[in-house]
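**Student:** Residue-level listing of the chains:
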Amino acid sequence: MHPAFSVIFFTVASGAGFGLISLLFIADFFKLGGSFSNDQLVAGGLIAMALVVFGLLSSTFHLANPKNAWRAFSRFRTSWLSREGVFAMVFMPLALIYLASIMFDAPQWLRVISGFLTAMMAWITVFSTGMIYACLKTIRQWNTPLVPANYLALGYASGSLLLLVGAVAAGLDTTPYIAMSALIVSIAAVLKAIYYFWIRSPGLTPTINTATGLTRAKVKLLDTGHTHGTFLTQEFGFQIARQKAGLLKLVVFSVGFVLPGLMLVWVFNQHGGQAAAIVAACAGIVGAAVERWLFFAEARHVVNLYHGAQRC
Amino acid sequence: MRLGLVIDLDVCVGCHACAIACKEWNASGTIGPLSDYQPYGAEPSGVWFNRIRHYEMDEYPNNKTVNFPMSCMHCEDADCVTVCPTGASYKRAEDGIVLIDQDKCMGCNYCSWACPYGARELDRSSGTMKKCTLCVDRIYDQELPVEERQPSCVLTCPAHARMFGDFDDPDSAVSRTVRERGGFPLMPELNYNPTNQYLPPRRKPVIPVDTQPKGGLKESIKQFANKLVRR
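Quick mapping for you: the protein sequence lines, in order, are chains A and B.
With my numbering applied, the first sequence covers 15 to 326.
With my numbering applied, the second sequence covers 222 to 452.
The reader is advised that the hints may include incorrect statements.
[To be verified] Under 7 Å between C-beta atoms, here's a sample of chain A residues computed to sit facing chain B:
no. : residue
1   : Ser88
2   : Pro190
3   : Ala193
4   : Asn223
5   : Lys234
6   : Phe245
For the record, the hints were derived by calculation from the structure and aren't laboratory data.
Beta carbons are placed, not taken as given, at the ideal position from N, Cα and C, and that holds for glycine.
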């Protein structure tokens with residue numbers, strides 16, 4: 015599958031934004047590490063919302079006909095893409111109410127309820143993003159419950175690392191934030207490892223035989239019937255060398271999970287290692303971006319069976 | 222009604238006439254134009270609703286070339302329709318034809334991801350997704366003589382490898398043929414329930430191909446001399 019950079023930026027940025035704001039609510043509710051001040055919470059919330067908004071805007075860049083993008087909210091009942099858009103739109107006012115209730119010292123119940131609903135809606139939206147890919151029966155690398163799980167885990171991992179930067183900058187007790195990041199980053203790493211293990215074996219998937227219905231003998235493609243590439247080969251023909259994919263997986267784990275983990279130790283040992291926290295957050299996000307690129311690059315659509323692949 | 226095509230893989234000669242007729246009709250049809258990019262350039266490409274691939278099944282000397290036309294299967298359980306966020310893709314209740322409303326499509330490509338058959342192609346000049354309409358602007362046209370109210374590809378096929386009809390009617394020509402010839406859908410394991418059916422190549426006696434016996438010394442010298450002579 016051709017990796018579109020607008021979609022990679024969108025899923026990574028909005029995932030981090032949704033993760034950040036839901037963890038911000040947890041930090042606010044439990045007053046982790048001595049609690050952020052109200053201004054700091056609002057600033058963090060606005061950064062999270064900016065990530066979400068820029069992500070959503072960038073997702074419209076991969077549309078060939080963006081003037082009809084507003085119609086994407088209309089098929090809420092069947093389409094995960096539509097659901098994601100609707101949930102993101104429900105999220106926005108909830109998050110604004112939450113941030114406003116912090117800023118204007120609203121009664122505690124309003125702050126808690128709006129914050130909880132914001133966190134829930136963030137969770138549901140990231141889940142929908144994952145389901146956009148996981149519901150496709152045509153791509154076996156995507157058609158697994160591990161995909162929404164990975165989207166959630168990576169979004170929350172990036173969000174928790176960003177929150178740690180905030181906690182260090184605000185001079186809070188960083189221990190609870192380090193513990194939270196360590197837990198979420200390691201869950202994300204384990205889930206990603208399971209995913210990479212899972213997609214290694216093809217399992218029961220369509221082959222060139224079932225694709226052509228000629229199941230009693232070997233079948234091979236002689237000619238695709240077109241002189242140059244088509245939309246199908248441009249969109250689905252992208253293939254990554256196994257060696258390169260392996261190397262990138264190493265990058266995902268070392269930059270995305272191990273390096274932030276080491277930096278967490280750094281922050282824990284040296285009191286207030288702001289640079290280390292920033293490196294951890296940047297590395298986590300870069301790792302998530304590489305992971306997302308690989309997620310697209312490794313996906314093999316069954317239409318490739320009509321362009322010469324023996325199995326997908 | 223459940224309208225669709227039957228394609229006879231035994232008869233198809235792979236001439237691409239159906240694809241050309243399809244392009245000719247639909248370029249000026251309801252969903253047209255079907256843009257071409259660099260049609261006379263170095264990298265010719267463009268939008269087609271119907272593509273013909275060529276396969277070889279089995280191995281020498283039992284091998285056989287199978288020409289394989291593919292267009293939209295007008296699936297019963299069409300995921301391309303359910304995943305569409307804008308409602309541009311729809312399946313008609315009255316005849317099962319899957320269509321795209323060009324005024325609603327936002328060109329997100331999601332439906333093409335959901336289609337296992339590669340039936341949907343993005344027109345990069347209009348920015349919308351396009352696909353086989355089963356010549357919906359032709360099969361109901363009261364101005365045409367009854368026998369011409371069929372998809373262009375079916376009408377044009379010189380080998381009569383394509384049939385059009387109603388699969389809901391058990392006595393229609395398409396239903397009967399599929400029953401008698403053991404027609405099959407493509408990739409049934411994905412459960413899209415495609416309407417279009419394919420008829421398998423018939424079994425044919427294997428033509429014996431004996432290798433030529435060696436010609437002896439005289440023949441070898443002749444062949445050697447032939448190799449030396451520059452024509």
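**Student:** Now tell me, hint by hint, if it's right for this structure.
**Tutor:** Structure-based check of all given hints:
1. Taking 7 Å as the C-beta contact cut-off toward chain B, the hint placing Ser88 of chain A at the interface holds, the least distance being around 5 Å.
2. Below 7 Å, beta-carbon pairs count as interface contacts, and Pro190 of chain A has none with chain B, the closest being about 40 Å; its hint is therefore violated.
3. A hinted interface residue such as Ala193 of chain A counts as satisfied when its beta carbon comes closer than 7 Å to some beta carbon of chain B; here the least separation is about 39 Å, so the hint is violated.
4. Taking 7 Å as the C-beta cut-off, the interface hint given for Asn223 of chain A is violated, the closest approach to chain B being about 9 Å.
5. Among the interface hints, the one on Lys234 of chain A holds; its C-beta lies about 5 Å from the nearest C-beta in chain B, closer than the 7 Å criterion.
6. Interface hint at Phe245 of chain A: satisfied, since its Cβ lies 4 Å from the closest Cβ of chain B, which is below the 7 Å cut-off.
Of the numbered hints stated above, those contradicted by the structure are hints 2, 3 and 4, listed in ascending order.
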